[in-house]
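Peer 1: Here are the chains, one letter per residue:
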Amino acid sequence: MSHDDHEQWLLSYYRHSEIAGSLFFGRLARSIRKPEIQHDLTRHYADEAQHAWLWTDCMRELETAPLRIGSAYQDQYLEAAGIPSNLMEVLAITLTFEKRVIRQYAEHRLIPGTSPAILTTISRIMEDERWHIEWVSRALKNMHPQYGETYIQDTLERYRHADEEVYAKTMQEYAEQLHQFAELQEKHHG
Amino acid sequence: MADSSTEIHEAVALFANRQLADCPLDLPISDIITDSFQYVEFALDMEDRFQVTFSDTDLPSLKTVGDVISYIVAASGGTAA
Ligand SMILES: [Fe+2]
Ligand SMILES: [Fe+2]
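Those protein sequences? They're chains A and B, same order as listed. Counted from 1, the first sequence has number 35 at position 55 by our numbering; the numbering is strictly sequential. Counted from 1, the second sequence has number 11 at position 10 by our numbering; the numbering is strictly sequential.
Heads up, a few of these hints could be off.
Within a straight-line C-alpha distance of at most 20 Å, the following computed SDA-like cross-link-like pairs (lysine to any residue) qualify [stated by the list, open to error]:
| no. | chain 1 | residue 1 | chain 2 | residue 2 |
| --- | --- | --- | --- | --- |
| 1 | A | 121 | B | 54 |
| 2 | B | 64 | A | 62 |
| 3 | A | 121 | B | 49 |
| 4 | A | 14 | B | 46 |
| 5 | A | 121 | B | 56 |
| 6 | A | 14 | B | 50 |
| 7 | A | 14 | B | 53 |
| 8 | A | 14 | B | 16 |
| 9 | A | 14 | B | 12 |
| 10 | A | 14 | B | 49 |
| 11 | A | 14 | B | 52 |
| 12 | A | 14 | B | 15 |
| 13 | A | 149 | A | -10 |
| 14 | A | 14 | B | 38 |
| 15 | A | 14 | B | 51 |
| 16 | A | 14 | B | 54 |
| 17 | B | 64 | A | 63 |
| 18 | A | 14 | B | 42 |
Example chain B residues on the side facing chain A (calculated, C-beta under 10 Å, incomplete) [what the hints assert, rightly or not]:
| no. | residue |
| --- | --- |
| 19 | 39 |
| 20 | 43 |
| 21 | 48 |
| 22 | 49 |
| 23 | 50 |
| 24 | 55 |
| 25 | 60 |
Please keep in mind that the hints were generated in silico from the structure rather than gathered at the bench. Glycine included, every Cβ here is placed at the ideal spot set by N, Cα and C.
Based on the sequences and whatever the hints tell you, model everything.
Peer 2: Written out as structure tokens, the structure reads:
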């Protein structure tokens, strides 16, 4: 695979996973009626859809097109990490997702020679991603009286472990693509 | 208590998009919830309506509509509002 092929795969993967996130939050936004959560969650849903659009647009700017990607991290997550059974667990799993996403983008951004179009897209997305982590953390904190701090902390810990496991099992392809892309890019620019 | 059971039963039927008569107590939950995300939506709906918190171990053990109703009635102290 060439440098451009890896880049196309990675950007397609980001786009696919933003779409998966948007669909997840869209369904949640439809179910959740608590006003304070519904408001932030609906914005969150709109952000993820916007991110999918930003990647699509970025790919056009780079004169490439989205590939069909088999399954996103999120697709396998619910089964592997255990299906959340209440609102607090839904937010805990969301926080775990979001932290993973931020780490992926941060890692990509550090690759020397990354094109300005990609850097701009990642920067725009990261701003929203930071807000995603902020509002979900705040909402979880507000749930202390209802669910108890220990239950919340234990749940977060459970999902953190699951996240490591799912990532190791399902993200090998992503990790390899990113690694090979970084190597080729270094040759390109080094 | 009879009233709250009926209310829960109606909520389950509404979620399932069925008439009450088509949502009998022995109806398997798997007939209503067909994918894992629907399971989340169901839990959130019941939590929102009846202030009942399911745990990840409780919910999968509820096999029928009747089981769900009994669980919610018990969790809300027999006075699900
Ligand atoms: Fe996003
Ligand atoms: Fe996000």
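Peer 1: Against this structure, judge whether each hint is valid.
Peer 2: Hints and how they fare:
no.: 1; hint: A:121 / B:54; in the structure: holds, 17 Å
no.: 2; hint: B:64 / A:62; in the structure: holds, 18 Å
no.: 3; hint: A:121 / B:49; in the structure: holds, 19 Å
no.: 4; hint: A:14 / B:46; in the structure: holds, 11 Å
no.: 5; hint: A:121 / B:56; in the structure: holds, 19 Å
no.: 6; hint: A:14 / B:50; in the structure: holds, 10 Å
no.: 7; hint: A:14 / B:53; in the structure: holds, 14 Å
no.: 8; hint: A:14 / B:16; in the structure: holds, 17 Å
no.: 9; hint: A:14 / B:12; in the structure: holds, 17 Å
no.: 10; hint: A:14 / B:49; in the structure: holds, 8 Å
no.: 11; hint: A:14 / B:52; in the structure: holds, 11 Å
no.: 12; hint: A:14 / B:15; in the structure: holds, 19 Å
no.: 13; hint: A:149 / A:-10; in the structure: holds, 18 Å
no.: 14; hint: A:14 / B:38; in the structure: holds, 19 Å
no.: 15; hint: A:14 / B:51; in the structure: holds, 13 Å
no.: 16; hint: A:14 / B:54; in the structure: holds, 14 Å
no.: 17; hint: B:64 / A:63; in the structure: holds, 16 Å
no.: 18; hint: A:14 / B:42; in the structure: holds, 14 Å
no.: 19; hint: 39; in the structure: holds, 9 Å
no.: 20; hint: 43; in the structure: holds, 9 Å
no.: 21; hint: 48; in the structure: holds, 5 Å
no.: 22; hint: 49; in the structure: holds, 5 Å
no.: 23; hint: 50; in the structure: holds, 9 Å
no.: 24; hint: 55; in the structure: holds, 4 Å
no.: 25; hint: 60; in the structure: holds, 5 Å
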